[in-house]
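The listed protein sequences correspond, in order, to chains W, S and X. Mapping of the first sequence onto the working numbering: residues 1 to 132, in sequence order. Mapping of the second sequence onto the working numbering: residues 133 to 351, in sequence order. Mapping of the third sequence onto the working numbering: residues 352 to 719, in sequence order.
Honestly, the hints are just simulated from the structure, not real lab data. We put the beta carbon where it would ideally sit given N, CA and C, even for glycine. Where hints are given, some of them may not hold.
Covered stretches of chain X, as calculated for chain S (at least 3 residues, CB under 8 Å) [what the hints assert, rightly or not]:
| hint | segment |
| --- | --- |
| 1 | 372-386 |
| 2 | 411-424 |
| 3 | 617-630 |
| 4 | 657-668 |
| 5 | 688-701 |
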Amino acid sequence: MSEESPRTGMAQSLLREIARALAALAETGACDAIDLRSLPLTGGDRADLETALGRGEVAATFDASGQSEVWETRHAGVWWVRHLGGDGRVAAETIEITPIPDILAAHPDDIRASAAALMAELAETTEETAHV
Amino acid sequence: MSLLDFARGPAIEVALAVFTLGVMWRLISLLGLPWAKDRTVRRAGAPSDFSAGVSGFIRHLWVPKGFGMTSRFALINGYVFHLGLAIIFFGFVQHILFLRGLFGVSWPGLPTSVISIAAVVTLGSLVAALVRRMTSPVMRLISTANDYFTWLITTLPVLTGLLAVSHLGARYETLLAIHILTVAALLIWFPFGKLMHAFLVFLTRAETGVFYGRRGVKI
Amino acid sequence: MSDGNHPGGTIGEALLARGISRRSLLKYTGYLASILALPPMASRAMADALAKAPRQSVIWLSFQECTGCTESLTRSFNPTLEDMIFDLISLDYHETLMAVSGAAAEEAMQAARAANKGKYVLVVDGSVSTAEGGIYSTNAGKTNLATLKDMASDAAAVLSVGTCAAFGGIPHAKPNPTGAVPVSEIVTDKPVINIPGCPPIPEAIAGTVAYIITFGKLPDLDHLSRPKAFFGDSIHDRCYRRPFYDKGLFAKSFDDEGARNGWCLYEVGCKGPVTYNACATLKWNGGVSFPIQSGHGCLGCSEPDFWDRGGFYKPLSASVMGNPAIIGGAAVAGIVAGAASVALARKRRAEALAAQSKASAAAQEKMP
Ligand code: SF4
Numbered sequence: 001m002s003e004e005s006p007r008t009g010m011a012q013s014l015l016r017e018i019a020r021a022l023a024a025l026a027e028t029g030a031c032d033a034i035d036l037r038s039l040p041l042t043g044g045d046r047a048d049l050e051t052a053l054g055r056g057e058v059a060a061t062f063d064a065s066g067q068s069e070v071w072e073t074r075h076a077g078v079w080w081v082r083h084l085g086g087d088g089r090v091a092a093e094t095i096e097i098t099p100i101p102d103i104l105a106a107h108p109d110d111i112r113a114s115a116a117a118l119m120a121e122l123a124e125t126t127e128e129t130a131h132v
Numbered sequence: 133m134s135l136l137d138f139a140r141g142p143a144i145e146v147a148l149a150v151f152t153l154g155v156m157w158r159l160i161s162l163l164g165l166p167w168a169k170d171r172t173v174r175r176a177g178a179p180s181d182f183s184a185g186v187s188g189f190i191r192h193l194w195v196p197k198g199f200g201m202t203s204r205f206a207l208i209n210g211y212v213f214h215l216g217l218a219i220i221f222f223g224f225v226q227h228i229l230f231l232r233g234l235f236g237v238s239w240p241g242l243p244t245s246v247i248s249i250a251a252v253v254t255l256g257s258l259v260a261a262l263v264r265r266m267t268s269p270v271m272r273l274i275s276t277a278n279d280y281f282t283w284l285i286t287t288l289p290v291l292t293g294l295l296a297v298s299h300l301g302a303r304y305e306t307l308l309a310i311h312i313l314t315v316a317a318l319l320i321w322f323p324f325g326k327l328m329h330a331f332l333v334f335l336t337r338a339e340t341g342v343f344y345g346r347r348g349v350k351i
Numbered sequence: 352m353s354d355g356n357h358p359g360g361t362i363g364e365a366l367l368a369r370g371i372s373r374r375s376l377l378k379y380t381g382y383l384a385s386i387l388a389l390p391p392m393a394s395r396a397m398a399d400a401l402a403k404a405p406r407q408s409v410i411w412l413s414f415q416e417c418t419g420c421t422e423s424l425t426r427s428f429n430p431t432l433e434d435m436i437f438d439l440i441s442l443d444y445h446e447t448l449m450a451v452s453g454a455a456a457e458e459a460m461q462a463a464r465a466a467n468k469g470k471y472v473l474v475v476d477g478s479v480s481t482a483e484g485g486i487y488s489t490n491a492g493k494t495n496l497a498t499l500k501d502m503a504s505d506a507a508a509v510l511s512v513g514t515c516a517a518f519g520g521i522p523h524a525k526p527n528p529t530g531a532v533p534v535s536e537i538v539t540d541k542p543v544i545n546i547p548g549c550p551p552i553p554e555a556i557a558g559t560v561a562y563i564i565t566f567g568k569l570p571d572l573d574h575l576s577r578p579k580a581f582f583g584d585s586i587h588d589r590c591y592r593r594p595f596y597d598k599g600l601f602a603k604s605f606d607d608e609g610a611r612n613g614w615c616l617y618e619v620g621c622k623g624p625v626t627y628n629a630c631a632t633l634k635w636n637g638g639v640s641f642p643i644q645s646g647h648g649c650l651g652c653s654e655p656d657f658w659d660r661g662g663f664y665k666p667l668s669a670s671v672m673g674n675p676a677i678i679g680g681a682a683v684a685g686i687v688a689g690a691a692s693v694a695l696a697r698k699r700r701a702e703a704l705a706a707q708s709k710a711s712a713a714a715q716e717k718m719p
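Pulled out of the complex, with its shape left as it was, chain W reads as follows (with noise of 0.2 Å):
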C-alpha cells in the first residue's frame, strides 16, 4: 500500500538490525539477509529506509526470468536486492549483508557448463578453419 505514507518506526528497528548484521560481518564474516516482502512495511517506511542506506558505487540490473536489481548501499557490505515477477511488479526484495551477494556471482555449475560450450564452440571453429 504505497499510497499511505505513515511511519510506523520500523525503518529505524530495521537499521539498528542490519548495523548490527553488519557489524557481525566485519568482525566474523558471517553474511546475512533480511526480507523487506513479509514485514509490514508502509510506503513510508520503505522511502525512510532507502533514504538512510542511500546508494553506493556499484549497481547492477540484469534479465534472468524477470528483471531484477542490485545495488550496493552507501554502507559497504550492505546490498540491497529487488526481483521484479510478472508486470514488473516486486517478488522478491532482500538487504543483504555480504561481502558480495549470491545473485552476482556465476555459480560453479553455469561455469562448468560455459566453459564446456565455449570449448565446444572453439573446437567447431577450429575445426571450420581446418577444413578452410
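Given chain W, work out where chains S and X with the ligand should sit, using these hints.
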C-alpha cells in the same frame, strides 16, 4: 459442522427456545396463581397498594440507615456488576449485531476499549461478590447450590468473552464458539435458577412494599 | 508447461538444457523463501537442493469443480519468475489442460502413472461425488470416485487443491445432491495436504509443491491439513483494517462514511476473524489487492462449509437460526404450560374450597 457453526446455529437456537418457554411458563403461572386475600384491616392513612409497591421497590434500591459498611459495599458491588453487564451486553457492537439479528433493531455501540474496561471491572466485581458470599457467615448460611451455579453461569460469558476479544488461550473461532456456548448455557439456566430475578425482582420488592404498606410500615 | 517427456534428469540439468542460468533458480528460491516465511539465507541451500532434485512428476485430476483452481495457478501468460514452478515439476497429466482427449488421454494417464509409480504427487481439484456410487461425476465412463481410489494407490502424496477437494466446497453445500465429499474422506492411507481457497492463492499451491520438492518432505500442517506457512494466521490477524476493529469502528453498509474511511467490515459480514489464509499478506494477482482491500468482507472461502454459514453478509456474532419459528413455538408452548399450571392451581383451590364448605356444612348440620 464446526464447533462455531454449532454454537451460532443449533445451540443458540435451542437455548433461546428454552429461555422463552421457561420465562413464559414461570411468569404466567406465577401471575395467574390465585391470590390469597389479605384479610387485615388497612391501617388508616396507609398508602394505596400501587404507591406502596412502587415506593417499596425504590426504597430497596439503597441500604437502610443503620446497616454497616459491608452491606453498603455489597450493594454497591452489586450495582457495579449489574451495570457492567448491561454496558457489555448492550454496548458492544458484536452484541448489538447479535440482538439486531434477533429483533431487527440496533443502536450505536461503544468503543471496544470502554467495553474491555467494563468487562475487567465486572469480572473483578463478580469475584468480589463470590468472595463475600463465601466469607460472610450469614451469606454462607443462606446460599444454596443454585446461588453458586448462577454465579458461575453469569461469570463464564464475561470471562470467555474477554478471552475471545483478546485472543487468549486458543484460536479465535474456538474462543468465540465457547463464548456463545456459555451464553447458551446462561439462557437455558435463566428461567429455572436465580437469574429469573431479572423479572421477579420487580414483583417481589413491590409485593413486600404492598404487604407492609397496608400495615403502615415502610420497608 | 511440460510436454510430458521428462523422464529422469535433475531440475538443474533441465534448466541448463533450456539455457536458464542458476541465477533464475536462486531468484526463485529467494521468492519461495519469502512466501514460505523461511529465513532469506535459506534460499542458497534451497537452490542447491532443487538443482540436484529430479523434476517432480505431477498428475492432476479434475472432479466436481469449476477450473478456477487451475486458472489460479496458470493465470499468468508471459514467462515470469512465478512460472518457474513449472520448471520444478513435470506436469505429466492434467485433465483440463492437455491437448489430447479420449482414449489417448486415458493412455497418457496410465503411462504417467506407470513411469512414476509410488513417486508422483496426485493433485486433485474438485470434490468427489459419492451418491449412487459416484455416477454424478464421471469421466470416460469412470466415476471420479473410482479414478481417485485407483490413482491415489500409486501416489506418494495427494494435494487437494481448492476448497472443493479439501472440504467438499460448493458441491458439498446443502443439500449436497451428489453426495460430494472431500478427497481426504476417500484417500485415508496416503498423506493428503489441503490447499483450500475458492480459488486457492497460486503462491500457496506453488509454494507447497516447491517445498515438497526442495525438502523432500511434507510441510508443517495445521489440524485441517493445511500448510501452516500459508494458513497459520487468520485474515483478521494480518488485516490492515484491524486497528479499526480494535477501536470498534465499523462500516455499516458498503457505501457509508465508514466504508469510505476504510473502517472494519465486520458488520457487513467479514469472516476474516475465523478464516485462515494468506490473502492479507500475499494478496491476489501478484500482490495487487485482496477482497478486504477492495472493500468487501472476507467470505471465509478457505474454511469448511463456508457456503453454509448463514450468509456472507451476516455478521459473525449474529446467530444462524435454522428456523426462527421454533422460538415462536417455544413462546406458545410456554404460555400454554403457564396457563395449564394456572388452571390446575385454580382447580385445586376450587376443589379445596368446595371440600371445605362441604365439611363445614356437614359440621353445622351435625350441630344440635
Ligand atoms: S475487515 Fe475483517 S479481517 Fe479486517 S479487521 Fe475487520 S473483521 Fe478483521
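Against the structure, the hints:
Check on the segment 372-386 of chain X: 0 of its residues sit with their Cβ under 8 Å from a Cβ of chain S, so the three-residue criterion for coverage is violated. With a cut-off of 8 Å between beta carbons, the segment 411-424 of chain X has 0 residues touching chain S; three or more are needed, and the interface restraint is violated. Note: the segment 617-630 of chain X has 4 residues with beta-carbon separation from chain S under 8 Å; the three-residue rule is met and the coverage holds. Here's how the segment 657-668 of chain X fares: 7 of its residues keep a CB closer than 8 Å to some CB of chain S, so the rule of at least three is met and the hint holds.
For a cut-off of 8 Å, the count of residues in the segment 688-701 of chain X with a CB near a CB of chain S stands at 8, and the three-residue condition holds.
Hint check: violations occur at hints 1, 2; the rest are consistent with the structure.
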